[in-house]
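4 protein chains.
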Amino acid sequence: MSFNTFGRLFRFTTWGESHGPALGAVVDGCPPGLAISEADLQPFLDARRPGQSKFTTQRQEPDQVRILSGVFEGKTTGTPISLMIENVDQRSKDYSEVAVSYRPGHADYAYDAKYGFRDYRGGGRSSARETAARVAAGGVARLVIPEVTIRAWVSEIGGDAIDEDNFDFAQIRENPFFCPDAEAAKRWEKIVDEARLAGSSVGAVVECEATGVPAGWGAPLYAKLDSELASAMMSINAVKGVEIGDGFSAARLTGEQNADAMRPGNDGPSFLANHAGGIAGGISTGQPVRVRVAFKPTSSILTPVETITRSGEASEIRTKGRHDPCVGIRGVPVVEAMMALVLADQKLLQRGQCG
Amino acid sequence: MSFNTFGRLFRFTTWGESHGPALGAVVDGCPPGLAISEADLQPFLDARRPGQSKFTTQRQEPDQVRILSGVFEGKTTGTPISLMIENVDQRSKDYSEVAVSYRPGHADYAYDAKYGFRDYRGGGRSSARETAARVAAGGVARLVIPEVTIRAWVSEIGGDAIDEDNFDFAQIRENPFFCPDAEAAKRWEKIVDEARLAGSSVGAVVECEATGVPAGWGAPLYAKLDSELASAMMSINAVKGVEIGDGFSAARLTGEQNADAMRPGNDGPSFLANHAGGIAGGISTGQPVRVRVAFKPTSSILTPVETITRSGEASEIRTKGRHDPCVGIRGVPVVEAMMALVLADQKLLQRGQCG
Amino acid sequence: MSFNTFGRLFRFTTWGESHGPALGAVVDGCPPGLAISEADLQPFLDARRPGQSKFTTQRQEPDQVRILSGVFEGKTTGTPISLMIENVDQRSKDYSEVAVSYRPGHADYAYDAKYGFRDYRGGGRSSARETAARVAAGGVARLVIPEVTIRAWVSEIGGDAIDEDNFDFAQIRENPFFCPDAEAAKRWEKIVDEARLAGSSVGAVVECEATGVPAGWGAPLYAKLDSELASAMMSINAVKGVEIGDGFSAARLTGEQNADAMRPGNDGPSFLANHAGGIAGGISTGQPVRVRVAFKPTSSILTPVETITRSGEASEIRTKGRHDPCVGIRGVPVVEAMMALVLADQKLLQRGQCG
Amino acid sequence: MSFNTFGRLFRFTTWGESHGPALGAVVDGCPPGLAISEADLQPFLDARRPGQSKFTTQRQEPDQVRILSGVFEGKTTGTPISLMIENVDQRSKDYSEVAVSYRPGHADYAYDAKYGFRDYRGGGRSSARETAARVAAGGVARLVIPEVTIRAWVSEIGGDAIDEDNFDFAQIRENPFFCPDAEAAKRWEKIVDEARLAGSSVGAVVECEATGVPAGWGAPLYAKLDSELASAMMSINAVKGVEIGDGFSAARLTGEQNADAMRPGNDGPSFLANHAGGIAGGISTGQPVRVRVAFKPTSSILTPVETITRSGEASEIRTKGRHDPCVGIRGVPVVEAMMALVLADQKLLQRGQCG
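Order-wise, the sequence lines are chains A, B, C and D. 131 is the number that the working numbering gives to position 126 of the first sequence; each next residue is one higher, with no gaps. 20 is the number that the working numbering gives to position 15 of the second sequence; each next residue is one higher, with no gaps. 68 is the number that the working numbering gives to position 63 of the third sequence; each next residue is one higher, with no gaps. 15 is the number that the working numbering gives to position 10 of the fourth sequence; each next residue is one higher, with no gaps.
Quick caveat, the hints were computed from the structure, so don't treat them as lab data. Please read all numbers here as calculations on a predicted model, not as lab measurements. Careful: at least some of the hints might be erroneous.
Since the list can't tell identical chains apart, any single copy or any two copies may satisfy a pair.
[Unchecked claim] DSSO-like mimics (lysine-lysine), calculated; alpha carbons at most 30 Å apart, straight line: (1) 191 with 80; (2) 80 with 195; (3) 80 with 59; (4) 325 with 191; (5) 98 with 325; (6) 325 with 80; (7) 98 with 80; (8) 98 with 191; (9) 195 with 325; (10) 59 with 195.
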């Protein structure tokens, strides 16, 4: 089974492998008449692009996005928008070891169990390179929701969390970690560099906030805004946990503590707190929508790990090659893209059924 | 917008409100020829049924499920299975306050923002009574996956977690909390009772494990088994967080710590750990599939909370009526049902596309 | 495989068998705030109801529809609307013959080939009784599109077509054939009665026109309005052909003859012809949407037909029991319902993506 | 609204415009392990390619298909297969007239009504060039159903039908009309050439037969095999009618005439006739699946037709440029492709739910 499409009205389908000629996305259902050019999408790809510091993989990819359809005279036409990004730096290395042995933590064994064989070059379809296609699609989604501001950051690396008192969003462009706390960024430099030099890796937590989401987006149950966001975030490579608002912390509060009390506001209620992360009963409340996402440490490490071969024999494997020592860092633009993609879809759905 | 269907090949659609005449589910895509009767489904409804201890809502509902279609001579026919559960104890109380004022933490304001008005009787569609329909559908799903054993339990209430060393699954039928740690169960009795007597509420964490899932179910990206589970669990009322395997804890591990090393086993690999919760690259590995789910405290509390009225004026509200002091407790059979519903769907998908 | 849901935003799912306790539909995605009661739906069910003349099956079913959810204080709430119709006249007859032998033209053999067995009582799920559920759902759909007027009629029975010069829509309530040509109705009385007395059956063509559909509903390709209508109409039992506008006759025209020329009109163009049936490039043009639907003769006939048994032996079968000698007649309200269901969906889709 | 995806398990999404840089399809859900190369797909594109005789458009397109993903070591991997076809001969002509005036019979007005504007170059998204992408996808679908043989032909042009007694499928490669009747082909040469020289156009009927389809594919109701085929065929540009088996002719038969009687056969029943076109109750019976499809005459004609401009003023338009005088001819490989795409999907669905 294979599903590479996400969304209900605003839908995108991604394709491509790490070492194929290109990868891309087809965005379908985009409203017509939106001004768009490749320059609108490129900054998001640039933010995700590898090789920009020693803390991310050294693969050099320009990640130039091309729009192949769906745009006429600088505007979306309402027909599918085909986005393509060529792969440039598929280094021809020796894949004989990974072809034969399963890398623990990777998709290798599961792919073989499912499909009978796999494209083992650079992880094939399971490579984080796929996220370039989402980020491009996310750039289109942002055009659909100009009323919404989305921003994400890394709030924790290797178990070391930022201090909320130091939170300064402007900082995220000042360090290679999308870190809003200048002091934490310094500490992370050491943490990530040590992991990198040791051939190890560390995990991270990414947070994302969308402001400007009006009350009323989402649905009561099987397409709850919480559900859609959880599905979207879990679809990112290496993600293993999702929280909406207080998430697991809410399970430790009492009903009184967790209630987001309301006072009369200018336009709808003025909330006194936002434990719910901007979503009640599956529907947005007009407060900022807040999500936290857990990225496991990169599974590619230089330390040898016990494993088995395709034929079931005992073996050992070290993952050579170029890798992110903390894959969560470059997850920031991906989390933002998924937030945009979910919200664009919800906006259209709400307009359709309750317009 | 409203989506009340879940699943791709094995699909179910639920309908019904807290105070309507009935609620139900239509299960579509169930394979033919499975032996089934109402008696196969009733035990799951009984486990979820309210009013069985002082720690859950006192609403008395027999929750008898009826099969209205799709079964002939005791076997599924492959056509849609309509399940209906009548509402019996819709107490005719005074809803004038909740009709006018929004209960913080509840769906009230969001529903009004979305739909313009709402069925305010007992929470209407946003009531946890809807989960009775899922539990019935989940009973059908279990018949599709006899090779899988699903069990869930409460692992934390009000911030008080079980001790893994005391874990004894047989205990969950010995206390009213689905608690596998007899000592924790005693402590929780006090915690929940205090919350109940104070008109307050507490949150909970539910864990679920599915054993017997073969390697190969799931999909690489937008229908990753992690994604499907996250979407399914987040669709349960009051859930605000989902973890697969180690979840957020994985973000605090190094790559070495997080690697689930493999040794040759009898049938596929023998894994030395299960940080990944049985899913790698979105696809099952043959290990137990493990999920943790965070339930916020019940939003219905007797303490007055600041709020506004439908017309935007300042007000205050206390939620009278019958409520669960810890809605997570009765979440256990619901989490199990959602696990079964996701896995039944994945089994059919795998058989269809890689059979 | 089994799909019992139709629609994209405005969706309905039907369930139920000919001889089960009930059948029904769940309508999901209906906009909130529409005034509705059972009395709004009943007239459509009454039009489809069997046993109203000697020209339709003598099964007596009151076909009273109940609304079980999704409505509060007389208005739709935006949550799923569950509709149920009880089966009353499931005559307990001897089904031993049909259980063993396949009726040619019926679904019997195909069901067995697909599902391994079947509910043979009265055709089970393949019975035309299922259409009662669609007609109820279609009644809800009509409320979504008050700007549209839908009317259908029988234009041909047993190869005998109406004379367009005699077309008087008011006539369709004056005869038991939904025939707008009083003279044809007289001829059909003879045709259908002869078929009935001979234990035979005849086919029919139903036409349907929707006026008031604004320009812009539909989609260019895989959800062309033509495609959606064709899929909807073909889903009706016994339908084997669908034409949009001139249909097959258009294949005999030249480009000049087929062009629907335009002149300036009051509100959009004034068209000089409607060969296209109100749809160009998959999208409505503002002209009346016109569809023609071919119903085969009822497969249930009293003449013995050569067949085989479940075990593959030569046999012969006559279909005893109560049947429509011309199943197309009662197809009229069903075709209208499917037109309404498609258009309601398209209205919401258009509002969502191009609103 | 815009839906450019077709299928349920075996799905494809097309993108691209007549005068953009390229067009393509993403095929998702293809089973893994199928041997595939571009050479497997090219023959189908070559059959559809324009400019091969004077009876089709003179646009010269090599229509070389490239596989960009989803294939490794010559086999499908189970991940999405991206197919791209570059546009080469987008002649830079003057589109000022068609930009301003609506061509009757074309999608021009409907697109403007829907989207507010349109890519008017060569028909943009509504151009029959889109079908190149489907034909490529159809080539992949054929690999999924090696047990099925699909063949289509033109059975009628300009109202002149073939003589079934002359039917010789080998003939279809001997004339430029995919005509299995050598004598009809001669007559059509005159008919189409006259239309071409007069700047006019003619319609056509295409028939398609799939043999080797086992009994049991399809579904009872809303995904009846008839419905899926009707939706698929109606999604082809210029198609306005679809018949399964006898189609409208069945409406003129009696029940006895229409019954496909059965005798014991070697493997399942031996049918004495195939009025049903190989589908009963929405499910294949094992007989050949037969479909007839009506193509209207090409709307592009040189005769001036009355129309209006975008600003609503009276005007007149002749469609200059390169066009097919009978668009139905090149519809043959497209109808075959859609048949393959539907059947591949049904095979996987059947395997999934009744396997």
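Hint by hint, here is what the structure shows:
1. 191 with 80: Neither: 43 Å inside a chain and 48 Å across chains, both beyond 30 Å.
2. 80 with 195: The answer is neither: 46 Å in one copy and 45 Å across copies each exceed 30 Å.
3. 80 with 59: neither (38 Å within a copy, 37 Å between copies)
4. 325 with 191: within (28 Å within a copy, 52 Å between copies)
5. 98 with 325: Within one copy only: 10 Å inside a chain, 55 Å across chains, cut-off 30 Å.
6. 325 with 80: between (45 Å within a copy, 26 Å between copies)
7. 98 with 80: between (42 Å within a copy, 21 Å between copies)
8. 98 with 191: Intra 34 Å, inter 60 Å, cutoff 30 Å: neither.
9. 195 with 325: So residue 195 and residue 325 pass the 30 Å test inside one copy only (22 Å; across, 54 Å).
10. 59 with 195: within (12 Å within a copy, 53 Å between copies)
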